[in-house]
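> Each chain, letter by letter, is given below.
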Amino acid sequence: MTKVLDIPKVNAKNMTEKEFFYGHKACAGCGGSIAVRLALKVLGERTYSALPAGCMSAVGFIYPQMAFNSNAIITTFPGSASMAAGIAAGAKALGQKDFKTVVFAGDGGTADIGFQALSGMIDRNDDVLYICYDNEAYMNTGIQKSGLTPYGTKTTTTPAGKNIPGTITHKKNLFEIIAAHDIAYAATASIGYPQDFINKVNKAKHVKGATFIHVYASCPTGWGTPTETSVEIAKDAVDAGLIFLAEYEDGEYKLNRNPKEFKSVEEYLKKQGRFKHMSDADIQCVIENRDKKWERMRKNWL
Amino acid sequence: MKTNKIFISGDEAVAQGVKLSRPHVVAAYPITPQTITVERLSEMVEAGEMDAEYMHVESEHSAISATMGASAVGARTFTASSSQGLLYMAEGLHYCSGGRWPVVMMNANRSVALPWSIYGDQRDSLSLLDSGWIQVYVEDAQEALDMIIQAYKIAEHKDVLTPMMVNLDGFILTHTYELVEIPDQEMVDQFLPPFETPNKMSFENPKNLGFSSRPDDNTEFKYQQNEAMFNAIDVIRKTDEDFTEMFGRKYHGMVEEYMCEDADVVLVALGSVCGTVRVVVDKLRAEGKKVGLLKIRYMRPFPVEEVKDLAKRVKAMGVIDKDISFGYEGTVYTNVNSAISQIDKYVYKSNFVGGLGGRDITKAEIEDMYNKLYAGLENKSEETVEFFSLNVEGND
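Line by line, the protein sequences are chains A and B. First residue of the first sequence? That's 24 in the numbering used here, and the numbers climb one at a time after it. First residue of the second sequence? That's 5 in the numbering used here, and the numbers climb one at a time after it.
Among the hints, a few may not be true.
Derived lysine to aspartate or glutamate pairs resembling EDC-like cross-links, with alpha carbons at most 20 Å apart [stated by the list, open to error]:
| hint | chain 1 | residue 1 | chain 2 | residue 2 |
| --- | --- | --- | --- | --- |
| 1 | A | K115 | B | D55 |
| 2 | B | K204 | A | D314 |
| 3 | A | K115 | B | E50 |
| 4 | A | K41 | B | E208 |
| 5 | A | K64 | B | E50 |
| 6 | A | K120 | B | E369 |
| 7 | B | K211 | A | E311 |
| 8 | A | K48 | B | D221 |
| 9 | B | K211 | A | D121 |
| 10 | B | K211 | A | E42 |
| 11 | B | K204 | A | E318 |
| 12 | A | K120 | B | E208 |
| 13 | B | K319 | B | E249 |
The hints are simulated quantities; they were obtained by calculation from the structure and are not laboratory data.
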């Protein structure tokens with residue numbers, strides 16, 4: 024693997040002015056589109072993007088208005104990892120060099136329907152960077168629960184009522200499931216910490232083989248938050264400890280951010296329409312689950 | 005011409021045809037009775053005889069997905085499947101034809117569960133006739149090998165750009181050994197030039213592919229796809245002629261007529277059963293009966309003109325279907341019947357459904373079909389649809 028020190032740094036000062044994802048029809052304040060835009064600026068012109076059915080493909084490829092300035096393709100919903108793997112294999116077989124193949128898939132497209140193909144892609148160590156932009160539900164179809172929808176969330180398929188308080192399962196432990204494949208590089212990120220995300224994309228860009236980034240990406244439409252707070256709320260989630268920033272590299276976990284104190288979970292939740300109904304007991308359940316996770320991470324990853 | 009004949013199975017013949025066609029990427033998932041093909045291809049890649057990326061995909065869905073991805077950057081690709089695997093690919097089959105990626109696949113025709121059966125019939129591919137793939141059905145291992153080579157030439161033609169499925173009957177062809185002539189690589193290279201397409205992503209000319217279309221445009225895309233399929237008819241005929249000129253073997257394009265010139269009564273069939281029908285035709289001809297066989301090679305595009313042309317010349321036509329469209333009739337029959345209905349003449353028609361889940365279709369059964377066609381013709385009967393040799397009380 025290329026040593027981190029050898030990789031030229033990318034930041035707001037030296038990042039390309041060129042836009043690769045531009046003129047799309049995403050909602051105002053869309054976190055997913057921020058993740059795609061930043062990642063493509065880091066990856067550059069020689070990139071093949073593969074996107075399954077989902078928000079970013081729905082807003083980016085409406086013939087004849089194409090929003091990607093570099094090569095991009097919509098894949099089947101379950102087949103983004105395998106189509107990207109085919110792109111990488113085909114381009115390699117044709118003798119192409121110095122390019123990157125990247126997937127941008129949502130939480131449902133990654134943790135649910137696309138998971139089998141993703142697991143196969145990592146198993147084969149195909150030369151693909153897989154980025155999951157996680158807005159915590161099937162937003163493109165109108166806010167339905169996915170495997171990464173957190174406990175308590177009200178969605179259109181997990182309505183909160185007298186009998187069931189919304190989503191009653193916690194988020195799938197996606198990052199560790201991916202790491203368990205012994206992948207060369209995996210990371211979590213948030214659009215609330217853009218430089219950290221940029222660094223991780225930049226690192227993955229220079230790794231040959233399968234890599235994975237799970238980036239937390241807010242969705243004002245699905246979350247019931249003001250459009251201008253998208254970056255802030257994605258930062259709040261990290262600061263409240265509900266989302267963690269970590270890496271898996273050379274067989275080791277690394278916790279990138281280990282705050283002494285967490286910001287209020289309740290405040291984070293109450294800012295969002297999707298959590299407004301939550302009882303004190305449900306909020307306590309979220310906090311307990313967070314604490315259990317951090318105890319384990321601090322014990323094993325530090 | 006140099007000849008190089010080896011004794012191999014249908015599956016192995018397909019692998020030889022693939023190797024000669026020089027694909028860049030092979031992605032396949034094992035399923036009986038296709039497995040030997042992918043094993044041989046893996047061995048060829050390992051031995052360095054074949055310069056291809058072999059992708060060990062974790063499912064058929066990923067097999068078709070990966071080949072589409074590779075095709076979308078201009079690579080030549082191959083995949084293979086059968087039965088449940090083909091059905092698992094179904095989403096990708098439609099996707100691939102809509103994307104106009106000329107992927108070539110081998111399908112080992114096998115029954116579809118439930119009940120489980122690893123043995124042959126043609127319900128798998130026939131249930132996917134509308135997925136937009138060119139479908140050819142072969143009769144022996146030699147034809148399987150030759151059609152893989154032809155498939156690339158047809159599918160990749162600029163006026164076609166449509167994926168193609170080469171179907172061979174599970175076990176009867178996939179696992180039966182024959183003496184097969186292996187074409188010379190240099191001649192294949194001459195026959196099949198490298199794949200060139202404008203429909204690809206590249207760094208010189210970046211593209212967004214696999215896009216959405218609004219109601220304003222969707223019908224036009226589907227119209228173009230349908231036109232491409234019709235364009236394939238001439239390309240299929242020309243490719244077969246060119247193939248004959250270069251390699252000597254002739255498959256007659258869309259259909260092959262056997263002893264039909266002066267025939268009164270013909271059977272229509274696909275795939276390996278045609279071999280048995282030929283034997284029965286020879287026997288009945290020796291008895292003075294004017295019988296023939298129409299071997300349908302392509303189910304899509306469908307040989308409408310050829311079927312009509314024959315229907316004008318004969319008195320009775322029976323269709324053997326190793327499939328059933330539940331609640332109606334055999335799918336081959338529906339297609340043949342639709343073509344016959346376009347001519348203004350009485351033809352007695354009958355549909356013989358059977359051979360499902362690997363049951364043999366015997367010479368005696370085929371002879372019985374011809375006899376029934378003669379009887380129906382004599383009585384000027386309406387068309388009949390029957391499951392033949394049924395062991396339970398059927399709809400006789």
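> Would you mind marking each hint as holding or not holding in the structure?
Comparing the hints with the structure gives:
For the hint linking K115 of chain A to D55 of chain B, the alpha-carbon distance of about 12 Å falls within 20 Å, and the restraint holds. For a cut-off of 20 Å, the pair hint linking K204 of chain B to D314 of chain A is broken: about 50 Å separates their Cα positions. Among the hinted pairs, K115 of chain A with E50 of chain B is consistent with the structure: their alpha-carbon atoms are about 17 Å apart, no more than 20 Å. Between K41 of chain A and E208 of chain B, the direct Cα distance comes to roughly 17 Å. Compliance with the 20 Å bound is thereby established for this hinted pair.
For a cut-off of 20 Å, the pair hint linking K64 of chain A to E50 of chain B is broken: about 39 Å separates their Cα positions. Simply put, K120 of chain A and E369 of chain B have alpha-carbon atoms about 60 Å apart, too far for the 20 Å limit, and the pair is violated. A C-alpha spacing of about 48 Å is found between K211 of chain B and E311 of chain A, which places the hinted pair above 20 Å, so the restraint is violated. For the hint linking K48 of chain A to D221 of chain B, the alpha-carbon distance of about 19 Å falls within 20 Å, and the restraint holds.
Under the criterion of a C-alpha separation no larger than 20 Å, the hint pairing K211 of chain B with D121 of chain A is consistent with the structure, at around 18 Å. Only pairs whose Cα atoms come within 20 Å are accepted, and K211 of chain B paired with E42 of chain A is accepted, the gap being roughly 15 Å. Restraint check for K204 of chain B and E318 of chain A: the C-alpha separation of about 50 Å exceeds 20 Å, so the hint is violated. Distance hint between K120 of chain A and E208 of chain B is fulfilled; the C-alpha atoms sit about 13 Å from each other, no more than 20 Å.
Simply put, K319 of chain B and E249 of chain B have alpha-carbon atoms about 35 Å apart, too far for the 20 Å limit, and the pair is violated.
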